[in-house]
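Protein chains in written order, with numbering that gives the first Met the number 0: chain A, 0 to 296; chain B, 0 to 296.
Calculated from the structure, these hints are not laboratory results. Note that the coordinates shown come from a computational prediction; the quantities given were computed from them, not determined experimentally. Fair warning: there could be bad hints in the mix.
Copies of one chain are not kept apart here, so a pair can be met inside one copy or by any two copies together.
[Said to hold, decoys possible] DSSO-like cross-link-like pairs, simulated, lysine-lysine; straight-line CA separation at most 30 Å: (1) K164 <-> K285; (2) K44 <-> K214; (3) K285 <-> K44; (4) K44 <-> K164; (5) K285 <-> K214.
Number of protein chains: 2
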Amino acid sequence: MTGGVPLFRRLALLGIGLIGSSVARVARERGDIAAEIVVNARTQKTLDRVVQLGFADRVEIDPARAVDGADCVMLAAPVGAFADLASRIAPHLMAGAILTDVGSTKQSVIRDVGPLVPAGVHFVPAHPVAGTEYSGPDAGFTTLFQGRWTLLTPPPGTDPDAVEKVAELWRRCGSMIEIMEPAHHDRVLAIVSHLPHLIAFTICGTADDLEAQSKQEVLNFAASGFRDFTRIAASDPVMWRDIFLNNREALLEMLARFTEDAQAMARAVRWGDAGYIEDMVQRGRKIRRSLIELKQA
Amino acid sequence: MTGGVPLFRRLALLGIGLIGSSVARVARERGDIAAEIVVNARTQKTLDRVVQLGFADRVEIDPARAVDGADCVMLAAPVGAFADLASRIAPHLMAGAILTDVGSTKQSVIRDVGPLVPAGVHFVPAHPVAGTEYSGPDAGFTTLFQGRWTLLTPPPGTDPDAVEKVAELWRRCGSMIEIMEPAHHDRVLAIVSHLPHLIAFTICGTADDLEAQSKQEVLNFAASGFRDFTRIAASDPVMWRDIFLNNREALLEMLARFTEDAQAMARAVRWGDAGYIEDMVQRGRKIRRSLIELKQA
């Protein structure tokens, strides 16, 4: 516990996977994020596990009860569940409360949740850009957000004090903060995260479709390249299904750009255009070096 | 040094990057692979560094001198350099010597090197399936091959004793051994390694082409997904250019399969086919789990 006055009296976490349980663990460890942590999940089994893990003051199977009296409510379920969750909690949100989320698609969250937010409740969409391939309440850890960015996409007219409180919550989790247009957020995330995941899932399927003999060999000889793709592809299926469906336009655009570029590479391979191939590989190295300089590698 | 009689009196390594310098380090540490290690590289600068690193008994800028009196010669340069190297060393290979390689494409090696091998020299193509994104003589380390596979693709009629000696060399490096048809090798490697690298290089290019503002953001927010692709994409450009050009048919076939599958995913995203997307993600997880069970993750 680092002491200091808690930002919130009661933080309600709706969903307690990798992100939610990491926030809970940081809040528990620091003590200056929320005086009380209430956790909601879809199943009693998950809530029982949360009780065992000990980072919640209270667990609630009913989201309406979980948000009761909470001055900060954080949606941390897969984005496809947000519309339903929001409609169930909306009548129970406290006047003056902040409603925020951690979803990877921001236009869809504003579309699905925005209209349901009662007057007097401050809606501050957010996205901590951090993750691993693990999911569930056991997967979280306190350093997940350190040195990573959290992107806030508040709709026009959002109370600046509410935006600042959400920013401060993420700063206390170790994040750097940036305010962004929701549409721009969705385009950037499509290329840095959503498309790489779609590609990783797809190539695992391509390999899985090869004849039975090759399949065993794919697994045996996956030492380089493929292995990294399967790590990405091990992520939570429902979360990713929801992200793809909720960032459709940007994802399809980035996939179209990538496919054009892959076809250009195919053409260079077919016609033996060594210079083109070498240039493309060099660009990959350059981007990698820039990442290392930015400490995002 | 583990003692024991050395497999070879003199091992000549032609090329001293990640793979070659790892073999040299293992041979130096164990002492039972070769009594003497001779290293050849294209530049004096590399050879000077090899002398500093201390894992060679002798360095030679002329490949013909490097193979003089060697009972094992290992081609460890990019595969595109093999034809030239082979033609320069062929007249100088000792009768009874073993000529082997570590190239990632095996049909091309047999095509390029096979016809140049003098009578009385045993040609045993091999491919240790191991690697990192680093290259050069500093990149090697003694545990690179431990628990990994080395694939041998000896042409029909190759002396079994020569094949066994190459297999034993790799076993002493920590590898498991499998004999494989060269064409089958090239297909399997196309899906587990060559295509993932082509995709990683390509998506880095796609990101690099986005407008200047997004580009910086790509780098800032690369925390998940993209970051793993850039790691793969950081590999040696000349080595990968040569691999792509020398495994053209298998690589183009696997890219075509992958592209069909990616288009099917695009269609599922466009039409909101949640079941299809979830199935595809589940398959990725299944493959990842199999890899973990096989200890190749």
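Okay, the hints, checked on the actual structure:
{"no.": "1", "hint": "K164 <-> K285", "in the structure": "neither (37 Å within a copy, 41 Å between copies)"}
{"no.": "2", "hint": "K44 <-> K214", "in the structure": "neither (36 Å within a copy, 43 Å between copies)"}
{"no.": "3", "hint": "K285 <-> K44", "in the structure": "between (47 Å within a copy, 23 Å between copies)"}
{"no.": "4", "hint": "K44 <-> K164", "in the structure": "neither (32 Å within a copy, 57 Å between copies)"}
{"no.": "5", "hint": "K285 <-> K214", "in the structure": "between (34 Å within a copy, 12 Å between copies)"}
Of the numbered hints stated above, those contradicted by the structure are hints 1, 2, 4, listed in ascending order.
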